[in-house]
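Residue numbers (my numbering), protein chains in the order written: chain A, 4 to 330; chain B, 19 to 504; chain C, 56 to 338.
Wrong hints could be hidden among the right ones.
Derived lysine to any residue pairs resembling SDA-like cross-links, with alpha carbons at most 25 Å apart [as the list claims (entries may be wrong)]:
no., chain 1, residue 1, chain 2, residue 2
1, B, K267, A, S138
2, B, K359, B, P503
3, B, K267, A, R85
4, B, K68, A, G104
5, B, K267, A, E278
6, B, K267, A, Q133
7, B, K68, A, S101
8, B, K267, A, S93
9, B, K267, A, M4
10, B, K267, A, G283
11, B, K95, A, S93
Rather than coming from a laboratory, the hints here were simulated on the basis of the structure.
The structure displayed is predicted, hence computed values, not measured ones.
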Amino acid sequence: MLSRVADDLYWVARYVERGIAVSRLVDVTRHLELDAGTEDFWAPLVGAIDLAGDDVRFYLTSDTMNPDSLVSCVRAARTLSRGIREAMSSEMWEELNSLYGSLAAPTVARPRGEAVSFARLVRERLQSFQGLAESTLARDEPWHFLELGKFVERADDVARVLNRQSHLLAAGSQTKDPTGPDVVRWLAVLRSCGSAEAYARYYSLRVEPARLVEFLLLNPIFPQSVRFSLTGACLSLDALAALRSAAGNEPGPAVRTLGRARAQVELTAIDEVFERGLEGFLSNIQELIAQASEELSATYLRDEPVPGRLVGVARATMIMAAQQQQQ
Amino acid sequence: MTTGSRASVLPSYAPGEFWDEMFAAPGQVRPHYADLARRLTTLSSADVQKRQRAAELSFQAQGITFSVNQDPSGPEKTMPFDLVPRIVTAEEWTRIERGLEQRVRALNLFLHDIYHEQRILRTDLIPAELVLGARGYRREFRNVDVPLGVYTHVVGSDLVRDGRGTWFVLEDNLRVPSGVSYVVENRRVLKRVWPQIFTDYRVRPVEGYPQDLLEVLRAVAPGSDDPTVVLLTPGVHNSAFFEHAFLAKSMGIDLVQGSDLFVDDAAVYMRTTRGRRRVDVIYRRVDDDFLDPLAFRADSLLGVPGLLATCRMGRVTVANAIGTGLADDKAIYAYVPTIIKYYLGEDEILPNVKTYVADDPTDRAYILEHIAQLVVKSVNESGGYGMLIGPHAPKKDLDAYRARVRDDPRGYIAQPTLALSRHPTWSVDHLEGRHVDLRPFILFGRDVKVTPGGLTRVALRSGSLVVNSSQGGGAKDTWVLEAEPC
Amino acid sequence: MRITVEHRTQLSYSDDVVESVMDSRLGPRTDEHQRWISFDLRVEPTASVRRYNDGFGNAAHLITIARPHRTIDLVMRGEIETTLVDPFQPPRARPTVLGPGDAMDFLSPSPLIPRVAELATMAEPFARTPPFEAVQALMHLVHERLDYRPDVTTVETSVTEVLTHSSGVCQDFAHVLVALCRAIRIPARYVSGYILVGADPDAPKRGAAASHAWVEAFTPTHGWRGFDPTNDVLASEHHVKMAIGRDYHDVPPTRGTFRGVADEELAVEVATKEVAAPSPTGR
Numbered sequence: 004m005l006s007r008v009a010d011d012l013y014w015v016a017r018y019v020e021r022g023i024a025v026s027r028l029v030d031v032t033r034h035l036e037l038d039a040g041t042e043d044f045w046a047p048l049v050g051a052i053d054l055a056g057d058d059v060r061f062y063l064t065s066d067t068m069n070p071d072s073l074v075s076c077v078r079a080a081r082t083l084s085r086g087i088r089e090a091m092s093s094e095m096w097e098e099l100n101s102l103y104g105s106l107a108a109p110t111v112a113r114p115r116g117e118a119v120s121f122a123r124l125v126r127e128r129l130q131s132f133q134g135l136a137e138s139t140l141a142r143d144e145p146w147h148f149l150e151l152g153k154f155v156e157r158a159d160d161v162a163r164v165l166n167r168q169s170h171l172l173a174a175g176s177q178t179k180d181p182t183g184p185d186v187v188r189w190l191a192v193l194r195s196c197g198s199a200e201a202y203a204r205y206y207s208l209r210v211e212p213a214r215l216v217e218f219l220l221l222n223p224i225f226p227q228s229v230r231f232s233l234t235g236a237c238l239s240l241d242a243l244a245a246l247r248s249a250a251g252n253e254p255g256p257a258v259r260t261l262g263r264a265r266a267q268v269e270l271t272a273i274d275e276v277f278e279r280g281l282e283g284f285l286s287n288i289q290e291l292i293a294q295a296s297e298e299l300s301a302t303y304l305r306d307e308p309v310p311g312r313l314v315g316v317a318r319a320t321m322i323m324a325a326q327q328q329q330q
Numbered sequence: 019m020t021t022g023s024r025a026s027v028l029p030s031y032a033p034g035e036f037w038d039e040m041f042a043a044p045g046q047v048r049p050h051y052a053d054l055a056r057r058l059t060t061l062s063s064a065d066v067q068k069r070q071r072a073a074e075l076s077f078q079a080q081g082i083t084f085s086v087n088q089d090p091s092g093p094e095k096t097m098p099f100d101l102v103p104r105i106v107t108a109e110e111w112t113r114i115e116r117g118l119e120q121r122v123r124a125l126n127l128f129l130h131d132i133y134h135e136q137r138i139l140r141t142d143l144i145p146a147e148l149v150l151g152a153r154g155y156r157r158e159f160r161n162v163d164v165p166l167g168v169y170t171h172v173v174g175s176d177l178v179r180d181g182r183g184t185w186f187v188l189e190d191n192l193r194v195p196s197g198v199s200y201v202v203e204n205r206r207v208l209k210r211v212w213p214q215i216f217t218d219y220r221v222r223p224v225e226g227y228p229q230d231l232l233e234v235l236r237a238v239a240p241g242s243d244d245p246t247v248v249l250l251t252p253g254v255h256n257s258a259f260f261e262h263a264f265l266a267k268s269m270g271i272d273l274v275q276g277s278d279l280f281v282d283d284a285a286v287y288m289r290t291t292r293g294r295r296r297v298d299v300i301y302r303r304v305d306d307d308f309l310d311p312l313a314f315r316a317d318s319l320l321g322v323p324g325l326l327a328t329c330r331m332g333r334v335t336v337a338n339a340i341g342t343g344l345a346d347d348k349a350i351y352a353y354v355p356t357i358i359k360y361y362l363g364e365d366e367i368l369p370n371v372k373t374y375v376a377d378d379p380t381d382r383a384y385i386l387e388h389i390a391q392l393v394v395k396s397v398n399e400s401g402g403y404g405m406l407i408g409p410h411a412p413k414k415d416l417d418a419y420r421a422r423v424r425d426d427p428r429g430y431i432a433q434p435t436l437a438l439s440r441h442p443t444w445s446v447d448h449l450e451g452r453h454v455d456l457r458p459f460i461l462f463g464r465d466v467k468v469t470p471g472g473l474t475r476v477a478l479r480s481g482s483l484v485v486n487s488s489q490g491g492g493a494k495d496t497w498v499l500e501a502e503p504c
Numbered sequence: 056m057r058i059t060v061e062h063r064t065q066l067s068y069s070d071d072v073v074e075s076v077m078d079s080r081l082g083p084r085t086d087e088h089q090r091w092i093s094f095d096l097r098v099e100p101t102a103s104v105r106r107y108n109d110g111f112g113n114a115a116h117l118i119t120i121a122r123p124h125r126t127i128d129l130v131m132r133g134e135i136e137t138t139l140v141d142p143f144q145p146p147r148a149r150p151t152v153l154g155p156g157d158a159m160d161f162l163s164p165s166p167l168i169p170r171v172a173e174l175a176t177m178a179e180p181f182a183r184t185p186p187f188e189a190v191q192a193l194m195h196l197v198h199e200r201l202d203y204r205p206d207v208t209t210v211e212t213s214v215t216e217v218l219t220h221s222s223g224v225c226q227d228f229a230h231v232l233v234a235l236c237r238a239i240r241i242p243a244r245y246v247s248g249y250i251l252v253g254a255d256p257d258a259p260k261r262g263a264a265a266s267h268a269w270v271e272a273f274t275p276t277h278g279w280r281g282f283d284p285t286n287d288v289l290a291s292e293h294h295v296k297m298a299i300g301r302d303y304h305d306v307p308p309t310r311g312t313f314r315g316v317a318d319e320e321l322a323v324e325v326a327t328k329e330v331a332a333p334s335p336t337g338r
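Using the sequences provided together with the hints, build the complete structure.
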């Protein structure tokens, strides 16, 4: 398939997954507000420093100045899709297009209740988009680029959430006597990844930082875990690399880089993770993911940016800026 | 099919003094419309509106929109679709078909001549400066052996009828004629929202167009067994993008932008996830000016550097050929009857509308004196822009156009206003006559193929003569009936 | 005369670039007054070099290098025999009238030579002079009126700007002369080529360090003849033609694009030399 189309498809998948992740953060704010005295904690959790209450929710849901807000993610996904409709099924396009059409003009911060139900609605539509992809697309190149984008984004998002609270979690792993607020905070981390219920089923109701990190980072069968995501990403990338090799071209370094990231979470035990330092471990994973994403772009999606061809340069810049803002 | 119904089927419909496609006289429906007229009377205004709405939703859901006012960042609109189809009998169509084929063949020979020996310019039939001074003339493409000798792979000629029902060719569109996607979509939507009317008639199908076009494109490949054909689009921000995507998908070919292609070793390649892939034929919806920054506009981001050279070497085919826009010039249009005579030795089957070419001093004087009765058009614009409708224009516009004609006579032509034919069209809750034209599409590969029907464009505002979609016009499904078996 | 030419074009980039596509007009061109005996075009790093003819009938080369590179070194070596010893002498056969295509090309305004009222006024006094004499007078006029100064104009400069500065290089001198000829309806075209500079006091002085530009005008008596306003001489066996067009825009020696983010530097070197013709074998 055309490199440009693959690139756009990859980014549609990333924006859709990102939208889902952001919607979960909005949920977290609802839970946390019910517990007083945690405001200083959850604002950084969602990446919104110096904001509080409804402002945070506005920032996450409707702020067009925030490139990662729900509205921005949906808009970006739809804009990219418009140019590559031939690469997806008409149901997928119609789902995204009608979601985009139904977004009201974001002018004011939504009051708490509205923002949460709005976020839930958007998440459901985005998940529906993913579901439609799963059931309407043949498992060839377009499918693999969508999967790749989805899993790369998910791995990155979960790693980021964990990293934002790495100090808290590292300290917590040493505590013998967790306090009430500690537990609330740890629960918040799980909720940010939509994983509180799953964790409870897996481990029982006791939230322990070490278990939590293991669950979200190293678990091989839970779909939100970084390991699961990286495994999925590697499977798709391997399939793409095989197609490229069959055509007589180099598969590129992204395969190895992503493989290295995956090896980290497959072969490191949870104790070792904390011994090495949680923050360092997570940062390393995030770096490898970013590197793999760039290498993937260079080989499959887009060559070096072009001077005077503003489209190429502008997009390369946009991609990098988006990544920086994540961190 | 009943004939000559004299019953008063649409009592309040007034054909007026124009040729009406459906009514020969008040209350007197033309034979081929009889069944349709009967159907119309069985519907209430609410029924019709429900169907109109269904059609609109269908277009919207598909994203069949275009940008208005040539503003790609502006609002998107669906092409207003009118439920009542326009019907053309088989006999009438046969003549139109022959006339269009004659026209396209002659234009193609003309282009071939201008880009090779220029024989016609050594006669005094058409002024050399007029032809070689046309904006669409591309000397960079002189002396190239185009495959099958074809320049005009896709042509959209606009037809109109006058007050006596005579068909005329209003203009020929040879650069990047658009609208054929609506032809296919209008048929599909009408079948969906009003299937009953199709049972009374045998209508020639139009959905084969994409396949026919693909055949033409494959036929002009520079000699590959299994040529790779692509459609080159300026991108999502182009007002006709929907059509580009529609055609590419219908033909099963890649939709590419300039940045997806590059030239290496005098061949065009596209960038794919598995590496580079050779391209043999480019169906381009990008104007000549933007095709190659090394040959034409250096600031173009829409083209491919080295494309012209590669094309000259016969290593890639571009359709329509570079330089075909020469015949798109309305001043050249005025000479088409001459061109038909010179290259084919025949009289034109379909007449031109009388045209005054401002470049000619006698014509220019006439235009300046009679401007209030004429339609003045810029020779290179389309979409209804750069046009003055004298009888409807205020004095300041008349003065402005007089000045333009004086300053740049080569840039303008004028035609008498035609009493364009009208067709019953839904207006709020009843049928009213609205002016229509017809744009059939003609394909030219190994032979010439005329799509049965085409785009009937309708001016939606009462009394308006402007049918272009960018200026608020709408469209109807166009039916060409199968010939009755003898 | 037998002349060898070596034309070296070097491009260097501050970082790796890919997909260089260059369109060149470096010849060879053969007509009634010159014959290219040998033509060699080499590119480093290894590139695809494909020859074709452009819309004006010039020999052109499309040069592409897809993989990453930082420099392009293009060298053209040619040996040419020039035969026009006396440009004043009319040809033996009466020149045929120009076809409509050529007449249009070389009488109409072109990208870098729009119609300029000031030039029409300057040319007007010569409108009724016999064309061959008129062009000589106009050539002389240009030579007097313009100062030869590099660094004032660029490859994009049109005649309007040249007049503002009253100075330029051979390309600008040629453009102005073409404009003057066209103003009085004498078909004129731009010639891109080389000039042999010698110690001989009658030989041309300027234009040897780079490729040179002059004008060919069509007159009923002499057909196409060359006029070099930079050196105020008629083109003769000292001039070697590479390509002709309406103006510089049609025939830049090289013009290209590349993909990458880098600064580009261009260096050009031209060397022309007269060589002895090989002695004729046999009688």
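Here is what the structure says about each hint:
1. B:K267 - A:S138: Since the Cα atoms of B:K267 and A:S138 sit roughly 21 Å apart, the hinted pair holds (cutoff 25 Å).
2. B:K359 - B:P503: violated (34 Å)
3. B:K267 - A:R85: The hint holds at about 14 Å.
4. B:K68 - A:G104: Holds: B:K68 and A:G104 sit about 23 Å apart, inside 25 Å.
5. B:K267 - A:E278: Distance of about 55 Å is beyond 25 Å: violated.
6. B:K267 - A:Q133: Holds, at roughly 23 Å.
7. B:K68 - A:S101: Holds, because 22 Å separates the two Cα atoms, which is no more than 25 Å.
8. B:K267 - A:S93: holds (12 Å)
9. B:K267 - A:M4: The given pair, whose Cα atoms are some 14 Å apart, holds under the 25 Å limit.
10. B:K267 - A:G283: violated (48 Å)
11. B:K95 - A:S93: Distance ~19 Å between B:K95 and A:S93 Cα, so the pair holds.
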